[in-house]
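Trainee: Work the whole structure out from these sequences, hints included.
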Amino acid sequence: MSILVDKNTRLIVQGITGNEGLFHTTQMVAYGTSVVGGVTPGKGGEWVLEGKLPVFDSVKTAKEATDANATIIFVPARFAPDAMFEAADAGIPLIICITEGVAVQDMMRVRNYLDQKKVRLIGPNCPGLLTPGEAKVGIIPGDIAISGNVGVVSRSGTLTYEVLYAMKNLGMGATTCVGIGGDPVNGTNFLDVLEMFEHDPKTEKVIMIGEIGGNEEEKAAQYIAEKMTKPVAAFIAGQTAPPGKRMGHAGAIIEGGAGTAADKIKALEAAGVKVAKHPEEIPTLL
Amino acid sequence: MKLHEYQSKTIFSKYGIPIPKGRVAATAHEARQVAEELGGRVVIKAQVLVGGRGKAGGVKLAKDPAEAEQLATQILGMEIKGLPVRKVLVDEASAIEQEIYFAITTDRAAKKPVMIASAAGGIDIEEVAAKTPEKIIKSHIDPLLGLREYQARDVAVAMDLPRDYWKDFVKIAMGLWEVYKATDASLAEINPLVITKDKKLVALDGKMMIDDSALFRHPELNEMRDTDEDAPAEIEARKYGLSFIKLDGDIGCMVNGAGLAMTSMDVIKLFGGEPANFLDVGGGAPAEKVAAAMRIILTDPNVKAVLFNIFGGITRCDEVARGILTAMDEVKPKVPMVVRLVGTNAEEGRRLLQNANMITAETLADAAKKAVEAARQGK
Numbered sequence: 001m002s003i004l005v006d007k008n009t010r011l012i013v014q015g016i017t018g019n020e021g022l023f024h025t026t027q028m029v030a031y032g033t034s035v036v037g038g039v040t041p042g043k044g045g046e047w048v049l050e051g052k053l054p055v056f057d058s059v060k061t062a063k064e065a066t067d068a069n070a071t072i073i074f075v076p077a078r079f080a081p082d083a084m085f086e087a088a089d090a091g092i093p094l095i096i097c098i099t100e101g102v103a104v105q106d107m108m109r110v111r112n113y114l115d116q117k118k119v120r121l122i123g124p125n126c127p128g129l130l131t132p133g134e135a136k137v138g139i140i141p142g143d144i145a146i147s148g149n150v151g152v153v154s155r156s157g158t159l160t161y162e163v164l165y166a167m168k169n170l171g172m173g174a175t176t177c178v179g180i181g182g183d184p185v186n187g188t189n190f191l192d193v194l195e196m197f198e199h200d201p202k203t204e205k206v207i208m209i210g211e212i213g214g215n216e217e218e219k220a221a222q223y224i225a226e227k228m229t230k231p232v233a234a235f236i237a238g239q240t241a242p243p244g245k246r247m248g249h250a251g252a253i254i255e256g257g258a259g260t261a262a263d264k265i266k267a268l269e270a271a272g273v274k275v276a277k278h279p280e281e282i283p284t285l286l
Numbered sequence: 001m002k003l004h005e006y007q008s009k010t011i012f013s014k015y016g017i018p019i020p021k022g023r024v025a026a027t028a029h030e031a032r033q034v035a036e037e038l039g040g041r042v043v044i045k046a047q048v049l050v051g052g053r054g055k056a057g058g059v060k061l062a063k064d065p066a067e068a069e070q071l072a073t074q075i076l077g078m079e080i081k082g083l084p085v086r087k088v089l090v091d092e093a094s095a096i097e098q099e100i101y102f103a104i105t106t107d108r109a110a111k112k113p114v115m116i117a118s119a120a121g122g123i124d125i126e127e128v129a130a131k132t133p134e135k136i137i138k139s140h141i142d143p144l145l146g147l148r149e150y151q152a153r154d155v156a157v158a159m160d161l162p163r164d165y166w167k168d169f170v171k172i173a174m175g176l177w178e179v180y181k182a183t184d185a186s187l188a189e190i191n192p193l194v195i196t197k198d199k200k201l202v203a204l205d206g207k208m209m210i211d212d213s214a215l216f217r218h219p220e221l222n223e224m225r226d227t228d229e230d231a232p233a234e235i236e237a238r239k240y241g242l243s244f245i246k247l248d249g250d251i252g253c254m255v256n257g258a259g260l261a262m263t264s265m266d267v268i269k270l271f272g273g274e275p276a277n278f279l280d281v282g283g284g285a286p287a288e289k290v291a292a293a294m295r296i297i298l299t300d301p302n303v304k305a306v307l308f309n310i311f312g313g314i315t316r317c318d319e320v321a322r323g324i325l326t327a328m329d330e331v332k333p334k335v336p337m338v339v340r341l342v343g344t345n346a347e348e349g350r351r352l353l354q355n356a357n358m359i360t361a362e363t364l365a366d367a368a369k370k371a372v373e374a375a376r377q378g379k
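So the sequence lines, in the order shown, correspond to chains A and D.
So that you can map any letter, position 254 of the first sequence is 254 in our numbering, and since no number is skipped, the others follow by simple counting.
So that you can map any letter, position 128 of the second sequence is 128 in our numbering, and since no number is skipped, the others follow by simple counting.
Treat the hints as calculated values from the structure; they're not laboratory data.
It cannot be assumed that every hint is accurate.
[Unchecked claim] Now the stretches of chain D that chain A is said to cover, found in silico as 3 or more residues with beta-carbon under 8 angstroms:
| no. | stretch |
| --- | --- |
| 1 | 150-156 |
| 2 | 273-281 |
| 3 | 354-367 |
[Said to hold, decoys possible] Cross-link-like lysine-lysine pairs, in silico, BS3-like; alpha carbons within 30 angstroms at most:
| no. | chain 1 | residue 1 | chain 2 | residue 2 |
| --- | --- | --- | --- | --- |
| 4 | A | Lys-168 | D | Lys-269 |
| 5 | D | Lys-2 | D | Lys-181 |
| 6 | D | Lys-112 | A | Lys-117 |
Ideal Cβ placement from N, Cα and C applies to all residues, glycine included.
Mentor: What follows is the structure in structure tokens.
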């Protein structure tokens with residue numbers, strides 16, 4: 001068992017003929033993910049990966065031909081909102097958007113529309129999902145994680161790799177690793193994923209990697225305190241970040257004194273979460 | 001990106017929001033000319049991108065053009081929270097009866113825009129929010145539907161605004177919603193929105209923040225960017241698409257990925273050091289970008305050691321190693337460097353750097369400890 005993606009995932013790639021799209025499609029296929037096709041408007045009828053994967057003009061035609069149940073988006077930021085609307089309208093229940101730099105007002109429209117349609121969005125500005133040994137839907141290097149009983153959820157990219165790698169070095173594996181992304185308005189937050197891990201029979205413990213900005217970690221802490229039965233260890237990045245400065249991620253900013261690492265750590269510790277001092281320490285806390 | 005008051009108010013005015021007559025001036029002489037054109041009493045207002053300028057003495061009332069010139073001279077020579085005042089706005093003075101706070105901003109937790117209003121507006125709004133939160137009215141806007149007039153009217157009612165002003169207030173609210181939407185703002189704020197003695201609603205002050213991710217569709221706004229207040233290294237970094245923030249410590253950091261970059265700073269601090277900067281070279285960083293990043297780090301004279309922490313995913317460690325070598329050739333750094341390469345092509349990267357006289361580390365904690373030690377010896 002795992003959450004969101006597994007060996008039954010039938011994935012299409014929006015932006016499959018672009019540089020990034022093609023590179024990561026190759027990686028995902030090599031990992032064993034069941035990629036069933038891709039979409040690039042104007043290139044329908046072509047084939048990629050030496051004729052192995054068909055390209056369609058629209059998500060709708062791709063879904064009809066392949067019966068896809070998930071899509072991953074690699075299109076540039078200005079086209080990404082449209083790609084998400086298109087996937088939702090085509091009836092794809094799970095959208096993973098890797099694209100960084102999507103405008104916030106676009107994301108508010110996308111998120112509210114997708115909620116009405118009951119479509120699950122992961123990202124944007126995220127590394128995607130990895131269920132070791134079953135499916136890699138995103139850009140997380142496949143060889144840094146092994147299968148196991150720990151659910152991992154994170155707002156960051158390379159910091160997540162750091163933690164997965166530290167876990168692997170200790171022989172600790174993951175059920176699923178979910179990168180929820182570093183944008184202020186995204187599709188899925190900590191709370192949603194914690195709930196999924198709580199209900200996933202194979203996940204026995206959880207690692208949560210947060211950062212400064214917003215209050216999702218605090219909301220997660222409240223959920224952990226009230227509902228969660230599985231142990232959680234966490235790390236919060238940005239303890240030395242100055243206020244008012246955007247630390248790379250659009251969402252990683254301390255605004256009006258709110259969203260500091262200290263507040264988040266306090267909330268998590270109060271909920272019984274063990275908070276690590278540095279990322280390599282996290283796996284040792286479980 | 002933040003906009004100045006005069007820029008924000010010009011935009012407000014285009015969307016039908018009443019603003020006082022006035023113009024921006026870069027010299028005291030120019031300020032006098034504007035005062036002469038306006039006639040009567042004027043307000044001289046420092047244009048800096050920080051709050052609290054009124055309390056710092058950056059806003060003054062002048063009774064005539066001569067006094068306007070004199071006060072403009074004073075204000076243009078000021079520094080407010082470390083920022084020199086380069087421009088002043090000269091506005092006709094208004095006779096104020098009441099000050100209202102009104103803003104539309106992005107509520108990231110609710111994933112919706114929100115109207116925020118208070119009948120107790122003005123410079124103490126933050127105190128009002130902290131001490132008497134019941135005086136702050138909030139109303140969310142459906143991003144798909146947009147602001148509806150009844151919602152704005154409800155806000156007017158909740159503020160106890162007299163009935164005579166409802167129509168004008170609704171017009172201003174709808175105008176500000178159009179401003180927020182049309183400019184991809186993350187904040188469009190009027191504080192204060194005043195009721196004048198002659199019973200008019202006027203936006204006396206304005207503040208806007210624009211979503212940087214949306215600037216691709218607003219070239220006219222991008223041109224308004226005031227780079228005078230950014231550190232030169234930050235401007236240079238932006239040119240190369242690097243995310244860089246200067247800090248006060250002495251250990252330069254170059255990391256791929258924002259979360260890992262922040263973490264590397266934290267771990268340096270954990271082992272007793274102080275980071276000199278935040279720097280994310282981004283994913284897939286090519287050698288030229290890495291070289292630019294290294295030049296920017298090394299121009300800071302405080303830097304006593306540099307930590308490279310690269311976790312290769314899309315980024316290839318050999319490519320980063322080549323960038324480091326190029327930059328070392330160019331800048332001939334005199335400070336010790338600690339490098340940690342993990343992930344894609346890390347071995348090839350390490351091989352390239354083995355003759356470069358760098359300190360190597362296996363783990364992040366080990367790398368941070370070594371960098372702290374190296375900086376200490378360099379002092």
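Trainee: Determine for every hint whether it applies to the structure shown.
Mentor: Going down the list of hints, with the structure as the test:
Counting residues of the stretch 150-156 of chain D whose C-beta sits closer than 8 angstroms to any C-beta of chain A gives 0, which falls short of three, so the coverage hint is violated. Check result for the stretch 273-281 of chain D against chain A: holds, 3 residues qualifying (beta carbon to beta carbon below 8 angstroms, three or more required). Requiring three or more residues with a Cβ within less than 8 angstroms of a Cβ of chain A, the coverage given for the stretch 354-367 of chain D holds, as 3 such residues are present. With a CA separation close to 26 angstroms, the supplied pair A:Lys-168 and D:Lys-269 stays within the 30 angstroms bound.
Among the hinted pairs, D:Lys-2 with D:Lys-181 is consistent with the structure: their alpha-carbon atoms are about 16 angstroms apart, no more than 30 angstroms. Our distance criterion of 30 angstroms between C-alpha atoms is met by D:Lys-112 and A:Lys-117, whose separation comes to about 17 angstroms.
Checked against the numbered hints above, the structure breaks only hint 1 and satisfies the rest.
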